[in-house]
Amino acid sequence: MAEQEQGHHDVDRFLEDQIDTVPHLEALLLLWNSRPKEWSIEEMAKALYLAPEAAKEILDDLVRRRLISAIMGNTESFRYDPETDKDLLMAAVDSTYRRELIRVTRLIHSKASASVRAFARAFRIKKDRE
Amino acid sequence: MNVEMIEGFLLGVIAASSLTAGVFFLKFWRKTRDSFFLAFAASFLIEGLNRCGILLLQKPNEGSPWVYLVRLLSFLLILGAILKKNYGEK
Amino acid sequence: MGWIVYILGALVSSCCGLLLLRSYAHVKKRLLLWSGLCFVGLAISNLLIFVDLVIFPRINLYPLRLVATAASMLLLLYGLIWESEQ
Chain A
1 MAEQEQGHHD VDRFLEDQID TVPHLEALLL LWNSRPKEWS IEEMAKALYL APEAAKEILD
61 DLVRRRLISA IMGNTESFRY DPETDKDLLM AAVDSTYRRE LIRVTRLIHS KASASVRAFA
121 RAFRIKKDRE
Chain B
1 MNVEMIEGFL LGVIAASSLT AGVFFLKFWR KTRDSFFLAF AASFLIEGLN RCGILLLQKP
61 NEGSPWVYLV RLLSFLLILG AILKKNYGEK
Chain C
1 MGWIVYILGA LVSSCCGLLL LRSYAHVKKR LLLWSGLCFV GLAISNLLIF VDLVIFPRIN
61 LYPLRLVATA ASMLLLLYGL IWESEQ
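Protein chains in written order, with this note's numbering: chain A, 1 to 130; chain B, 1 to 90; chain C, 1 to 86.
By construction, these hints were calculated from the structure, which means they are not laboratory data.
Just to be clear, a hint being listed does not mean it is correct.
[Claimed, not checked] Heads up, simulated PhoX-like pairs for lysine-lysine below, C-alpha to C-alpha not over 25 Å straight-line:
id	chain 1	residue 1	chain 2	residue 2
1	A	126	C	28
2	B	31	C	28
3	A	37	B	84
4	B	84	A	126
5	C	28	B	85
6	C	28	A	111
7	A	126	A	56
8	C	28	A	37
9	A	111	B	85
[To be verified] The following residues of chain C were derived to be distant from chain A, with all beta-carbon distances above 12 Å:
id	residue
10	1
11	24
12	36
13	74
In this text, a Cβ means the ideal position worked out from N, Cα and C, and glycines have one as well.
Please construct the entire structure, taking both the sequences and the accompanying hints into account.
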């Protein structure tokens with residue numbers, strides 16, 4: 001029971017720290033579930049029902065947070081790179097999102113905008129949690 | 001164009017924008033529950049009110065103690081917020 | 001004696017401005033740009049108060065100080081209104 005709570009806590013902490021919007025989460029989970037398939041911006045945009053510019057912004061955000069990788073080629077493409085620790089967390093996030101859609105989306109929506117959170121984060125001189 | 005009017009106008013702009021910025025930071029505090037934003041809100045609101053208070057002074061340009069003590073408070077609030085964010089509770 | 005406060009103010013404001021602009025270079029959130037510029041402007045304005053009161057007491061820099069402060073605050077307001085929802 002305690003272990004389950006700890007897992008819950010880790011997922012929530014991840015959502016709090018790393019996920020700006022629901023489309024961000026869906027993009028990440030799409031790449032996770034199809035790993036190691038590489039997706040182009042247009043393919044992602046279509047799969048997520050977003051405009052390509054919006055998809056590019058989301059993918060760039062995820063790359064910057066080192067959650068996914070960008071591959072340079074003729075066109076830029078993106079994929080999830082497996083990594084043991086990250087994989088465990090991603091599996092937990094994925095199953096939590098499937099089981100508790102409403103709670104997760106509520107949690108994400110209740111956050112302040114990414115800009116406001118970035119403002120507060122800018123003043124962290126000690127980079128322990130960047 | 002009257003210099004005093006321009007100075008008064010600019011003081012008004014500064015007061016109104018400081019108060020507005022303060023209210024924005026209050027909103028961020030309410031959303032995030034992060035006291036960091038409360039400190040910024042207090043800092044800007046105090047400075048906005050300080051600018052209004054300047055209207056009561058005879059010589060606004062001079063370094064009147066009241067003005068700079070309040071300004072000091074507003075800086076200390078921001079400094080405190082930054083220090084707390086970095087060295088406060090883990 | 002008050003001028004020490006304004007030097008402190010200039011230091012605190014430039015610190016804020018630098019932190020925000022440095023973060024903007026990494027994260028590209030425009031709120032950080034506008035607020036960073038505001039704090040840089042406020043640092044300049046505080047420095048001008050020191051210059052006005054201590055270094056050139058005979059010259060009146062008050063209107064210039066006010067312009068610097070007002071411009072900085074307007075930059076911050078612009079950023080807060082346009083970018084704080086993003």
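Results for each hint:
1. Proximity of residue 126/A to residue 28/C is assessed by CA-CA distance (about 20 Å); at most 25 Å being required, the pair is judged to hold.
2. In summary, the hint linking residue 31/B to residue 28/C is supported, as the alpha carbons are separated by about 22 Å, within the 25 Å threshold.
3. For the given pair, residue 37/A sits about 44 Å from residue 84/B by alpha-carbon distance, which is inconsistent with the 25 Å threshold.
4. With a C-alpha separation of about 12 Å, the suggested pair residue 84/B and residue 126/A falls inside the 25 Å cut-off, and the hint holds.
5. Pair hint residue 28/C plus residue 85/B holds up; C-alpha atoms about 22 Å apart against a cutoff of 25 Å.
6. For the given pair, residue 28/C sits about 19 Å from residue 111/A by alpha-carbon distance, which is consistent with the 25 Å threshold.
7. Taking the CA atoms of residue 126/A and residue 56/A, the gap is near 30 Å; set against the 25 Å cutoff, the hint is violated.
8. Annotation: proposed proximity of residue 28/C to residue 37/A is violated, straight-line Cα distance about 28 Å (limit 25 Å).
9. This hinted pair checks out: residue 111/A and residue 85/B have alpha carbons roughly 19 Å apart, not beyond 25 Å.
10. In this structure residue 1/C is separated from chain A by more than 12 Å, as the shortest Cβ-Cβ distance comes to about 29 Å.
11. Remark: the non-interface label on residue 24/C conflicts with the geometry, its nearest Cβ contact in chain A lying 8 Å away (cut-off 12 Å).
12. Under the 12 Å C-beta cut-off, the non-interface status given to residue 36/C relative to chain A is violated; the minimum distance is some 8 Å.
13. No beta-carbon of chain A comes within 12 Å of the beta-carbon of residue 74/C; the shortest separation is about 18 Å.
In terms of the numbered hints stated before, the structure departs from hints 3, 7, 8, 11 and 12, listed from lowest to highest.
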